[in-house]
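Let the hints inform the model, and build the full structure from the sequences given.
As they're listed, the protein sequences go chains A and B.
Numbering (my numbering) for the first sequence: 592 to 1094.
Numbering (my numbering) for the second sequence: 1310 to 1650.
Derived from the structure by calculation, the hints contain no laboratory data.
Please note that the accuracy of each hint is not assured.
Unchecked claim - Cβ-Cβ distance ranges computed for the label pairs, FRET-style: (1) A:Gly846 - B:Ile1453: 51 to 61 Å; (2) B:Trp1643 - A:Thr932: 37 to 47 Å; (3) A:Gly858 - B:Arg1647: 51 to 61 Å; (4) B:Thr1593 - A:Arg770: 40 to 50 Å; (5) B:Thr1593 - A:Ala920: 29 to 39 Å; (6) A:Ala920 - B:Ala1342: 30 to 40 Å; (7) B:Asp1481 - A:Ala920: 49 to 59 Å; (8) B:Trp1643 - A:Val1076: 57 to 67 Å; (9) A:Asp1033 - B:Arg1647: 41 to 51 Å; (10) A:Ser654 - B:Val1341: 56 to 66 Å; (11) A:Lys909 - B:Asn1366: 51 to 61 Å; (12) A:Arg952 - B:Asn1362: 45 to 55 Å; (13) B:Arg1647 - A:Gln670: 26 to 36 Å.
Said to hold, decoys possible - Derived pair list, reagent style DSS-like, types lysine-lysine, alpha-carbon separation capped at 30 Å: (14) A:Lys674 - A:Lys813; (15) A:Lys960 - B:Lys1516; (16) B:Lys1516 - A:Lys984.
For glycine and all other residues, C-beta sits at the position ideal for the given N, C-alpha and C.
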Amino acid sequence: MTGPQTHTVLSVSGLTKDYPGVRAVDDVSFAIEGGTVHCLVGENGAGKSTLVKMLTGALDPTSGSMSANGNEYTPNSPQDARKGGVATLFQELHVVDELTVLENLTLGMERSWFGFLVKSELEERAVKTLAAIEPSIDPSARVSRLSVAQKQIIEIARAASSGANIIIMDEPTAALSEREVERLFGVIRRLRENDVTVIYISHKLDEIFELGDNVTILRDGKHIATKPLADVDGRSELIEMMIGRTVFQSYSPRGTVGNKVVLKARGLTTSLLKDVSFDIKEGEIVGFYGLVGAGKTEIARALYGADSFEGAVDFKGKPVGRTPTAAIASGIALVPEERRTQGLFTNLTIRENIPVMNLPRVSRGGVFKAADVQDAAHQYVEQLSIATSSIEKHTEKLSGGNQQKVVFAKCLFSRAELLLLDEPTRGVDVGAKSEIYDIIKDLADQGNAVAVFSSELEEILGICDRVFLMFDGHLQEEIPNGPDVDISHILNVVTGGQESVAK
Amino acid sequence: MSSLTENIPQSLQREKMSDEGFITSLVVIVAVALFLVASLLVPNFFQWQNVVNLVTNNWAVISLGIFVSFLLVSGNFDLSVGGIVALSGVLSVWFAQSPDGANALSSGLGMPYPLAILCALIGALAIGAMNALFVVRLGIPSIIVTLGTMMVARGIAQVITQGSQRNTNLPDEFGFLGNLTMFGTSVKLPVVLMLLLFLVAVFVERKMVFGRITYWIGANPEAATLSGINRSWHITKLYLFSAAVAGMVGILLASEFKSGFSNRGTLMEFDALVIALLGGIAITGGFGSVIGMFFGAIILAVVTSAATGMVLSPDWQFILKAIAVFLAIVTQTWAVARRNR
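Below is the structure:
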């Protein structure tokens, strides 16, 4: 360490990234000091991941400049970034299970002599780096026997020994247990002692306060502040800076929420979920809000019978079978998280997609009633105003919003009375978004129950009558939606805060 | 054109054919063109009887191709059909041979013929059930499973025939089914059965829920499951049907030749796969039609018979098949890519 004076290792200035119709990152400038843990926070859609992609060379900025270690920095690929001294710990791991730890550390940097591998000083350096950051890992061990957390550490050691002095970590604790998180934090602190700069991105504010030296806050693509965490007055100030006034509320109470409970879930438990219980009433829209990995999708899939779980689910007084087929039969339908891979048959037409969840409705004796299939397609194309020239169009050629409407049409065609909507407007343009909200409200107005699983607070507060807050597999709290809903309290709960921040 | 289009009013039809319709038409055109080219090169090729022969000589492989195609559309391979042809043929002979033969190979179990073919069919279904068990329940890739069961089936056939064949001590009615000519022509029962099976398959593929489910599963297995389709059961049925058809083919071939031969049907599984691919069925699943497969078989038949007609030695057949397959698949990939540009 060189004492109290600081030096900038990475800086961005005027950095901007435009997408058609959206400015994802808007004139962002800040500097990162060497040998610190610099945290990057912001809500979903604040521009964090776009910024990181530009730093790692996965995206080119529209305008603005970056510099690293005193040089201009214009990476075109992760390899380029590495040459500039910047390495990234991606969420998916890039280790080779069949090789040893040491072989992984020097992968791609082996020295050879007439095709024979020779020992090099690189290996020595790798072993030293690993010993410095995590002495408990044996360099000769096979990587397949290591845990996810240990593999992550191997990647960090590889980055550090290859000469990178800046390591970007994007949600590194998402897949780790509590003990493993502690171990990772130890590694990060030792990196800092060795004058390596860590750019740390996480939604979990506790981690940020525990680990960070400085923090940069982004909101709606704009730079809000960069300051030492010591100067931040607790979670509440951080949350305030993150949300600003961006969460506008368009919620208006709907008169159709009935009193009859249609769905009863008791003690849902999976590897992630911990004893989750709740009720949903007819005509009601409930929201499940939480960070990525909080267990929202797991609840949806459990209710739908797509994953196995412990606990009980009753729909209209009867237990729901544990397969999607049974769930559909009892009147539940799911709009899955990933529409292209889980919801749609993209190489088939709109007409061929719509009837799949309720085949008896359009067939007799196993033979399709062709006219009914077409009528159904025409009806839903019209009802959901799917923009297409023909029902014979392949769904892969539709826009994201129209694809999502086809998935909705599939579910509506099944005549479901409870709709589970997992991230219903992800990757959908603004216009289609509000149309989809109208569809959802119409469904509830007709007496159907709807559960929305979303990591967008604006969406949850815009349409849901009741909101369940999730953190780390627990259902933390249930709050009614309304004009006086406390947004900073919500953000506090879903980022792991136990008590209210209201002072 | 896929399945349900037929009754759509003209105004709503897309001017453009679907990719599937396009590829199937392409296969038909190539089949006809190749036939005309061969007619120019080979004397006496351009005859009605020759056209009939192209179909009738290939009844076995086209029959097998039907469910190989369905399985391929669902995203699964079935390489066991050739083995099943050998197994069911050998079983039907062994079960029907009278027990008092002079040596091991000439004495069997002495069952009445109808019971013998029923039991042989059950043997074939057992192999199909094994395929389904390993692919569906244990999640092992189908190409590996059916490669294994192909050898299991042929291996059992080899043990029963001691590596050779059984053809003595058979009841007279054994040769009946395979050699029965129909409608006063020279067309035999197996050919008629194949054509019936083919027409049913086209109907199932186009008009029936069963056919559509096969496409849904192949197009996106995960979405199919999340849409409430019982994927395991459907794949199980497909493997059982495929094995049943292969068993029937084996029994008919054994009847035609009045023998159970452990090497019968060798490479038939590959021919069935080749005609399906020639017919435009995507190896990745979710795309193709049995009509394409049928004309894929014609393409292969034209190429091989023209080669024989041009006095190329049979040794050249493999090379010719290879060229036909490569050309067909490259053309299809290119044509679809160009169309969707």
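Here is how each hint holds up against the structure:
Roughly 60 Å separates the CB atoms of A:Gly846 and B:Ile1453, a value that falls within the hinted 51 to 61 Å. For the pair B:Trp1643 and A:Thr932, the beta carbons lie near 27 Å from each other, so the given range of 37 to 47 Å is not met. A:Gly858 and B:Arg1647 have their C-beta atoms about 57 Å apart, which keeps the hinted 51 to 61 Å range intact. Taken as a hint, the range 40 to 50 Å holds for the pair B:Thr1593 and A:Arg770, whose Cβ atoms sit roughly 43 Å apart.
Restraint check, B:Thr1593 to A:Ala920: a C-beta distance of roughly 31 Å satisfies the suggested window 29 to 39 Å. Between A:Ala920 and B:Ala1342 the Cβ separation comes to about 51 Å, which falls outside the hinted range of 30 to 40 Å. The supplied range of 49 to 59 Å is met by B:Asp1481 and A:Ala920, whose beta-carbon atoms lie about 54 Å from each other. B:Trp1643 and A:Val1076 have their C-beta atoms about 58 Å apart, which keeps the hinted 57 to 67 Å range intact.
A hinted range of 41 to 51 Å for the beta carbons of A:Asp1033 and B:Arg1647 is consistent with their spacing of about 43 Å. Between A:Ser654 and B:Val1341 the C-beta distance comes to about 59 Å, which sits within the given range of 56 to 66 Å. A hinted range of 51 to 61 Å holds for the C-beta pair A:Lys909 and B:Asn1366, which are about 59 Å apart. Take A:Arg952 and B:Asn1362: their Cβ atoms lie about 47 Å apart, and the range 45 to 55 Å holds.
A hinted range of 26 to 36 Å holds for the C-beta pair B:Arg1647 and A:Gln670, which are about 34 Å apart. For the proposed pair A:Lys674 and A:Lys813, the alpha carbon gap of about 28 Å is at most 30 Å, so the pair holds. Between A:Lys960 and B:Lys1516 the alpha-carbon distance is near 8 Å, which keeps this suggested pair within the 30 Å criterion. A C-alpha spacing of about 19 Å is found between B:Lys1516 and A:Lys984, which places the hinted pair at or below 30 Å, so the restraint holds.
Violated hints, in rising order: 2 and 6; the structure is consistent with all others.
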